[in-house]
Structures are given as C-alpha cells and as structure tokens.
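If you're matching positions, the sequence shown starts at 1 in full-length UniProt numbering and goes up one per residue.
If you're looking for bench data, these hints aren't it; they were derived computationally from the structure.
We put the CB at the ideal spot given by N, CA and C, even for glycine.
Keep in mind that the hints are not guaranteed to be accurate.
[Stated by the list, open to error] 30 Å max Cα-Cα, derived DSS-like pairs, lysine-lysine: (1) Lys137 / Lys34; (2) Lys73 / Lys85; (3) Lys27 / Lys73; (4) Lys137 / Lys27; (5) Lys73 / Lys34; (6) Lys73 / Lys88.
[As the list claims (entries may be wrong)] Pairwise CB distance ranges, derived in the manner of DEER restraints: (7) His145 / Gln167: 18 to 28 Å; (8) Arg89 / Ala59: 39 to 49 Å; (9) Ala163 / Glu49: 19 to 29 Å; (10) Arg46 / Glu148: 31 to 41 Å; (11) Lys34 / His145: 30 to 40 Å.
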Amino acid sequence: MVWRGPAVGRGVALTFDDGPDPRWTPKVLERLAKHHVHATFFMLGRSVERYPDVARQVAEAGHEIGIHGWTHKDMTTIGLPDLTKIMKRTHAQISEATGRSPVLLRPPYGRFDAEVIYAATGFGYTIPLWSHSLPSKNSLSAATHNVEVASPGMIVLAHDARARASQDVVVAADWMIDRMQTSGYTFQTVTAMLDAGDRG
C-alpha cells in the first residue's frame, strides 16, 4: 500500500482512473505526448471490454496500465471469493486487449480492507493510492496547488472517464505538467518511480 513514491531524484507520477473512454482518453494521450510524459492508467475491465482499441492506444503509447476493478463498485462491499474473480477477470481483459500484464491495483474510491489487500497480494499487485489530485471541479486551482507543494514521490490522481473527466481536467493536467517540468520534475509511471526508489 503506497500513497506516494520514494523521495529519490525529482520523480513524480500522474495517474488516471476510470477509463478507457473514447471521448477523453485520446485527449489525455495527446497532452501527455506533447510533453513526452508517461502516466499510469487504472482501467475498469468493463470499459476495456467495450473499448479495447482505446486501451490498446494507451499501451502502444508506452503508458502503464493497472487494474481499477471490473466496474466502479466499492471493493470493500465484495466478499473475498468475488474479489478474486473480479481481479482475475479484469486482469485477463486488460491482457487480452493490450498484451500487458498489470502489476498494480487501485481500488475504486481508494477504499480497501483486509480482504482487498489479501486478494491483491495473491495476484502480486502493489496498491498505489495518491497524495494529490486533479478533481473535475476547480481543476486549475488544484493544479496550481499541486505545483506549489510539489515534492519528489508525489502521486497525482486524475480521471479520464465517467463524470469526473472533463476538458478542465485535461487542460489543468497539461498546465501542471508544463510547470512541474520547468521546475525540474520528471513524470514517471508508478512502477518506474517505485523501482527507482528500490535502486536508490
């Protein structure tokens, strides 16, 4: 369970939940490509099933893909047998669509309990949550705050689908990346950032 990465170098991680989405995910990918940034996308299995081509776009652009569940149901309300089935099904769907084998799980709403941790551990998943966010409302204000308090190892949560995705989030992420890169920060995938800490 991690809320932020190690304070090694100037690495930070930008993450997107709830996708893939044919409207917003490509817009996010465009902004990330503009800045030569790799991010981590926590995907819903049902959305990958519906939009495998969008999930494949994310993988082909070099971004990391993690599991966010099959639907956006709170995992603490699901018993262990069903949790295991959900993780297995979502893992298989992502692997089929992208050719990637996920190593990360972010439970919906960031909610977890002993059973969620136990099930995730059984699959070898790391559970990264977040230290900062880019909400759909007041996104630019949140981005400004993130830049002001930025520190190595921060993990920023944003969304590329569902009600929390918006043009404001896309623009705010673009602005935040630009300002933080100017300040010497390097955006990494969550796994790359954690691995850098292990090497450090």
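Do Arg89 and Ala59 keep their Cβ atoms within the hinted range of 39 to 49 Å?
violated, 18 Å
Does the Cβ pair His145, Gln167 satisfy 18 to 28 Å?
holds, 20 Å
So if I understand the rule, the pair passes when the alpha-carbon distance is 30 Å or less; does Lys27 with Lys73 pass?
holds, 26 Å
Note whether the CB distance of Ala163 and Glu49 lies within 19 to 29 Å or breaks it.
For Ala163 and Glu49 the Cβ distance comes to about 20 Å; the hint holds.
Are the Cα positions of Lys73 and Lys88 separated by 30 Å at most?
holds, 16 Å
Against the range 31 to 41 Å, how does the distance between the Cβ atoms of Arg46 and Glu148 compare: consistent or not?
holds, 37 Å
Proposed proximity, Lys85 with Lys73 (alpha carbon, max 30 Å)
Distance ~14 Å between Lys73 and Lys85 Cα, so the pair holds.
Is 30 to 40 Å a correct range for the gap between the Cβ atoms of Lys34 and His145?
Violated - the Cβ-Cβ distance for Lys34 and His145, about 23 Å, lies outside 30 to 40 Å.
With the threshold set at 30 Å, check whether the alpha-carbon distance from Lys73 to Lys34 stays at or below it.
It is violated: about 33 Å lies between the C-alpha atoms, which goes past 30 Å.
Run the distance test for Lys137 versus Lys27: straight-line Cα separation, threshold 30 Å.
Given pair Lys137, Lys27 holds - Cα atoms ~18 Å apart, limit 30 Å.
Restraint status (C-alpha distance of Lys137 to Lys34 at most 30 Å)
holds, 24 Å
Of the numbered hints listed earlier, those contradicted by the structure are 5, 8, 11.
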